[in-house]
Structures are given as structure tokens and as C-alpha cells.
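Given the sequences, and given the hints that come with them, work out the whole structure.
My numbering numbers the first residue of the sequence shown as 1 and each following residue consecutively.
Everything labelled a hint here was simulated from the structure, so no lab data went into it. Please read these numbers as outputs of a predicted model, since none were measured by experiment. Treat the hints loosely; a few may be bogus.
What the hints assert, rightly or not - Just the calculated beta-carbon pair ranges, DEER-fashion: (1) ASP898 / ASP454: 40 to 46 Å; (2) ASP898 / ASP840: 26 to 32 Å; (3) HIS980 / GLN285: 45 to 51 Å; (4) THR991 / ASN651: 51 to 57 Å; (5) LYS472 / LYS1008: 56 to 62 Å; (6) ASP776 / GLU796: 24 to 30 Å.
Stated by the list, open to error - Cut-off 30 Å, straight-line C-alpha distance, at most; resulting in silico cross-link-like pairs (DSS-like, lysine-lysine): (7) LYS1003 / LYS267; (8) LYS860 / LYS805; (9) LYS91 / LYS26; (10) LYS463 / LYS481; (11) LYS34 / LYS374; (12) LYS463 / LYS111.
Positions of the beta carbon are idealized from the N, C-alpha and C atoms, including for glycine.
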Amino acid sequence: MEWLVVWGVTQAAGVVVYPILQDLAKDAAKDYGKDFFKDCLKKVIRLPEHDVLKEAYGKALKNFLELIQDELQGAGYKEAIIKQYVPFLKKFIDREEVAAALGMAFDVECKAIDTALLVRTWAALNSPLLPEDMDWDFVCKSYIKSVKKLVQNSDKLRPIFEVQTLDKIADGTQELVGIAPTFNLGQYAEGLREQYGNLKLESLDTTGVYYNELKLWKIFIPQNLRECQEFIPQVYELPKDRSRLLQESGQLDVLELAEAELENHRKRYVEQPIRGVFEVLGDPQELAKEVVAKYAVILGDPGSGKSTLLQYLALIWAERPVRDLPLYPLPLLLELRTYARDKQAGKCQDIVSFIHGGNITCRLNQQDLHEKLKNGDVIALFDGIDEVFDPALRDEVVTDIHRFTNEYPAVRAVATSRWLGYKAQRLRDAGFQHFMLQELNDEQMQEFVVRWHDLNFAEGADKDRKRERLQKAIRESRSIKELAGNPLLLTMMAILNRNQELPRDRPELYNQASRVLLHQWDVERALVEDRRIDPKTIDYRDKQAMLRKVAYYMQSSAKGLEGNLISAAQLESILTDYLKTIEVEKPREIARIMIGQLRTRNFILCDLGGDSYGFVHRTFLEYFCAWEFVWQFKESQTLTIEQLINDVFGNHWQDESWHEVLRLISGMIEPRFVAEIIDFLLDQKVDRSAFLDEENHLQKEGLSNLLLAIDCFVEVRNRNLIAATSSKLLKILQVEVEQEIPYGFNFELAMTIITNIASIWKDSSDLLPWLKKCLDSDSNSIPIVTVGVIAQEWKEDSETLHWLKDCALNDQNSHVQMVAVGVIAHIWKKDPEILPWLKDRILNGQNEFVQMMAIREIAKGWKDDTDTLPWLKDRALNGQNKFVRIAAVQAISEVWKDGSDTLPWLKDRALNDQNYYVRKAAVQAISEVWKDDSDTLPLLKDRALNDQDNDVRMAAVQEIAKGWKDDLQTFDFLCDLAIHDPFKRAEDWETNPRQTALEGILKHYSDKPQTLELLKTVSNNDRDEKLKEFAKEELAKLSENPVGA
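In C-alpha cells, the structure reads:
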């Protein structure tokens, strides 16, 4: 039989179709149909004849290859280029898994083919790239239709595959429901890009600057998460009356924790590791792999980046070439506010029907989507549980999410919500892990600033100047840095910085920032749109006045400035009272309209959830609270300077939650009044003995009056107007540093005092010599801090580097030498003489700690230098002392942990190095960095059993007990070591590995019955008297306080 004729293939079929099917027709010995039909013949009524199958797969392949050929031609590829694809397409359709996938089109229930398998297989064959806009889903959908038509038109195939009746039913259903949405991934991706691709900054920047080219996926900075599965800390900070009301209204889980238990929960929460968001949810840039949380709820404050995170996850998928989309999970991004509205209106029954026909930009056919969902090729992104305001409807939405994950257990799911008004128990019971979104850290802030300026400015001095200006503001102001931790507010500061120099004083910065956010709060438009009310201009001054009243009310509540929270009823009352004073009609209705706006967007006030409101960041609470006091002092003059000092500062200077307000007040009043306030603070007495750390060093709270006086002084713009106060304050601070009597400063206090002295009075000619004398102090902390501060503040001085090198060589304090080496390496890294100088310190220096510091600095600062790693490996092998060798091993494991040669090299050190301290360092490094490597535990066990040195065996035992305590074999292994380790005491100071094993058992397995018996055995029989004594002491403790008693 001439199969090409049967298949309808001639040379006119094209440069792809004809040669491939010609080869298939010639290869009579090969039973291609065996692979092609292996999965789709299970449901047929009777098995077809061999020739019927061959006719079927030949015609089907013709249709498939024609579709591929059309895609290549449609992309504008010339015939010569298309011919290059032929050998790869031959290999492709010859693969067993590809043949089986294409054969599934003959299954009566087939609605989709595994496109991800096809894409992966094509790539695995090292095939040439297909056109970027090649839509595999379209190709496969068209192929399935062609196969159904092929079967329908064949008298031989139709009775076998029984599709005719099914198709008629499907056609009838189609007529009933109208035109169904397609399943076009390219269109869906385009819809995501159009809706979420650009940052929406119009409301933040009123200058007319366009940000159309600023794509969210380019500027997005991945934040960190901390798990809060059993405990959401902010909930327990709510005022008790507010908490009770929220529980009664069903918007908060019942909270019943005793104070001691609450403290334990807080401690466990803080101890949770901070993880990158992609570590938890999976990196959208990578192919799917195991993730920490298959189901996750991301909680956070308003403006903290919850919605942006989900949009980013969707956009990274949407930005890929269409041909690659099937390789990655399809992101279903649902704004739950819209979903709930459609559900309430009866427009959808569940999540899948909403995606099929809901009020969204790009719909997806639910039948095709169902197939994707069953296979787990989807990640569901549910944005804004808290934005469903009706509690009963919100519960329905949560139930729908739970049902969705039950129906499609292979699908990953992420939901977001503000923490207030969110009930965790329902989704917790459904298997969702809960995480709190963390504010941007220093590194993330800096990365955002760099990206912002790279994307918004052309290269040049203007870009560099503005970038450094914003970085400096964040670096030098604690309050601005706190503000910048919120992505929304950091973006706002970047916009302000673009248009003007950021104000030197924070009150003016907050004033400008508040005006931007108040501009968003377009009350006038809402009044015009509400026909019940006559519109009246409520300008930004009115809004500021209302916010001052709100802040003043908050600070007078039970929790004071610790709480950023006000009920809807109280907020309405404050706004109404103010609106009455400006004689507007229907003030209460206007107040309600203003509050209603807060439910749909974040302005300077925002809906926190649970019928509660607050400032979008507590910085604005503090600013408006300070402004209200200043207003009373300067404008209405209902507050005298004596009252301001005695009642405001006098009552709150010891309360740290008030310090920012007091500082802001100082920046908003005349300098002469600030001088009086500083005099008042300097006269206050603090019981320093009440603020000592464990080492009897004075903590910051012990000098809280002086530190607040410094903060208030810094807020004064023209300090020359209070020169006498300046001199007085400096003298008092210098005396404190020189005397440190009766208590020495801890490191944090020393850093605060010295840094402030240096930055505030840097221009004083006497200051630098005085600071250099501080290096002679007997204090533990003052000399260390001072050398670093001098390096930073006087780095532009040509003498500073020479002075620091002298400190590194000759200072009598080894810690000063270490710090000097560190700051030289950091600040003068670009100086070509520094690296040789550091190497000289390692080779020829006499201070081991300085040598270790130099090793670490070289590893971190010159890691990209091709000579660094070989040089460090040489130091690890041939260093002149053990400190250099240990430091080299540690540096290599930390800095080059991703290098393919690092772990094998460390294993070699752990097993074969001649020096025990290098073997020990290698064992510890491997355990810390490569814990998940399958070879690590066997290696540690080998070292614990076989190393000839006690210290190495002890280190291996410690790492096993710490890192593998949940391993079923660890307990027995440690018990065996506690009896049989060969340690023989030669010196009293030596550490016994048997005791180390016993300590691990007591720490992690004290509740096991065998532990008591082991202690008895060791206390009676061990040959080491010190260990026997230790065992007896622990046995007594267990006997006095039995576990579980």
C-alpha cells in the first residue's frame, strides 16, 4: 500500500511535511502506532486493525506537521531556514513520549495535550529555537480539532472512537451558553501585561512626568518573609476593647493567651528564620521545583507590597516568549474584591467559572483550564482577602479558596491579606502556611534606589547626584529609613527626590510627602460624583487639620503612640466635628464619603481591616501628632512654652514611643525654645544602675535624657543661634566619654555617642585630636568605635589612611588594629595599594586576629579577582599559623559556597588535612553550608567515629546533634558515642567528645526513657572522672524535675 497516497501527502505538502512523512512511510518495519496509540486505546469499543491505525496516525501527523510548518512560515522564515528544522522534527516526533502525547488527541475525552512535555522535549534535543510568538496551546488545540474532524469523516474510525455523538452534545451545549472564551495563553499574557505591567504612579507624581516605560517587573525588589503560622504578633498589640469588638463581629479569631504564653509565642515568632519570598513561594524565573509552602498566605501592612508581589509573579510568566509559556505554571491572578462582587451578583458560582466569564481583563475557557488545573500546571494567586469587606461574604470567599485547593490538589496557591480583620484558622486548617511580609531591609532599599535611577534617568551627573542624595537621606535619618522600609512610601520619596532636593529637615519632608498623599485623597471628585451632596472645596489644609485631630486623638488613647489605630465610628466623629467648623452642609455624610474612599485605596489614612483605620505608616501619625502640639503652641497659642516643656516633654521623655514626636516638635519651633527644652533634658536624672547589660555595661536607656537632647539639637536648622547650648552639650558628652564612671558603655551606646559627636561637631578644630585620644581609653568599646567613626567621617582627609595604617600596625589594642584593617579594606578598596598591603599583613603581621580580619576582607572585597580563590586555598594549606588557615577555610566556604569545586575541596580538607584545626573548620563549614547535601551526614559520622583528634570528633558530634536531631538514627548514634568514644584525658582543660554526645542527648532527647539509663551507666562506669561527675549532676537534675511531671 502506498501510504503517502493514503495519507494525502504529495511534494506540494511542503518542506517539512513531505520529507518527514516520506521517511515514515518507507520505514515499514517500524511500528510507530504502538507508541502513538498506547494511551488512547484503553477506552475504545474494539481494537482497530493495524492498517486502520497506520492510516490514522499518518493523517494526524500530517495535520500536526502542517501546523508547525505554518508557524515557521508565519514567522517569516525562508525555506532554507525551515529546512534546517526538518531533522530535529524527525527526532522530535520519533520520541516515544511525543508520539504518545500526540496520540491522545484520539481519546474521546481529550481537550488538551501536555504542551509542557512537548516544549521540554524539543529543548532536550538541543533543537533550534522556535519563533518567539509560537503558541503551543494554539497548535495543539488546532491539532486536536483536526483529529476529531479526521475521525468524524472516517467510516473506519468513527465507530471505533465514538466521537460523533459527543461532538453533537458539545455543539448543543455551546449553542446554549453562547460563544465561550478561548484558551489563548498569548492573549492572556498580553492581558496581564496591559493590566499590571506598568507602575501606576500618576497619583504619586502630580508634575506630569510619565512613567510609561517603568515596568513593575523591572523595578520589583523581592522582600523577605517570616513565618507566623500559629501567632500573628500585631493582633495581640490591639487595644483590648478593639480586639473584643472585632471578635464579637466575627472579624478576628478568639484570642486567649496568658501573658507568659504570649511572651513565649512572641519569642518563637522572632526566632523564626527570615526567608526570601522566592525561597518560600518558588522563584518565577526558574522551572517548577519543590517550595517551602505549597499553600501560603502572605500578611502585611497597607502599602507593604502584597499585591505587587502577586502581580510580579504573574508578570514574569507573561513576559516570556509565547513558545515558552507552557513550560511554567500558569498564574491565575484574582482580585478577590472583584470576584466577591461577581459572586454576590450571581455572575459566577466558583473560582473557575469566574475566570471563564467573570469581570476580568482576559478570560480563559474553563474546560481547558480544568485540564491544566488537574495536571498542577497552575499557580493560583488570590489577592486581597481583606478587601472583601462583608464578613459573611469574606467567609464564603475563603471557603471557595479551600474548595479550590481540594478540587485541584496539585495546584500551588498564594493568598494575601492585611493582618487586621483576617481570621487565620480557616485557611490554617486547610493546610495554608502563614507568613508576615517584612519591610525592605538596607540592602533591598539600596537596590531599589539604584534600579529606580537606572530606569528613570539617562547616564550622567544628574542621575548620580540624585541617587546619592536619596541614599544619603535614607542612610543618615533613622525616621526616613523607617519610612523607606515601606515600598509605597519609598517610591513616593524617590518621586519627591526627582523633582526637588529632599528637605534637610524631616518635618518639611513629611509635609511634602503628606501633601502628595493628600492629593490622592480626592474628596472633591467623590462629592461631585455623589449627587446627594452639594460639592464644596475641601483643600489639603483642611485635610491636614483633620489628620492632626486624628493623630492627637490616637496619642491620647490607652495605648498612646504605640497604637496606630482608630475605629470607623471615632474617625467619623472627628471628621464630622471638623467639617462643622468650616460650615459645610451635611458634614456627617461627607465624613462617611471620605471614609468610604479609604476602603478602596490607600491614602495617607488607610483601611486596616476589621472596621479600623490608621495612618499608612506610623511616621505620619507621629508627624501629625507633633504638628498638632506645634499648632497649639504657635497658631492657636493654647499651649505655653512651660506647658510644652513640662507637660509634653516632661511626661514623655522617658517613653521611647514618644521620642520621634518630641524630635519633630523640636524641628518645628524656634531654636531658642529648643535650647530651653535641651536644658530641661540635661537636668533630668536617670538611675543608670537600672540599665546595665549582663556584663555590667551601661545601655542606651541609661543616658536617655542626653541622647534625646542630642536628637532635639540635631533637628535645629540654624544651630549658630544656640551656640552656647551647642558648647554645653558637647562638653557634657565629652566628659561622659572620658570618665565612663561608674559604668562603662556597651557597644551600642558608645557607637551612638561617638557617631553623634563626630557628625554634629565635625567642623570643630579640636574634635579630631580629641577623638584620636579616645583610642587610649581603657574602655572596651570606645576605642573600637572611634577608629571606625574617624575613618568614615574623615575619609576625604589625605592623612586619614596613613593614620589608620599606623593604627593597624602599632596600636596596643588588637581590636583597634582589626577594625583599622576592616575599614581600610572597605573604604579604600579601589586604591590599588590596599590589596598588596592586606596580603602583607597576613604574611608578615604578628597579630593573629588582624590576619584573620585581613583574610575575610580579601575574600569578600576581592572575590571577583581571579587570583583570590587560589591564593586563599594556598593560605589554607600553607598559612604560617592556624588562625590564618582556619580563616581561609571559613572564607572560602562562605564566599564561594556556590562554586562547584568548593565542597569537594572542603571534604578533602576535612578528611586529609594534617592539622586538626583545619579539619575541624572544614567539618563545621560543610555542616553549616551544605546540610542538605546527601553526603554531609555520612561524612560527619565518619569524622565523629574515626578522626584521631578529640576536637574534630567533638565538632562533628556537635553538628550532628544540632542539625540532624530529627533523624531517626541520631539518638542511637549519639548514645553509642557517649559510651564508646576513645577519648583519654591528658589535661584537665580538654573537652571529652563523650560528654559532647551526652550534652546533645540531654538537650534534644531528655524525655526518652533510655536517657536516664544512659546517665546512670556513664555516672557509674565512665573512665573519665570529670564526665562521671557531670553525669551525676545531670542525673540529679532529671530526678528532681522528671520530664512530663
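Hint check, failures only
1, 12
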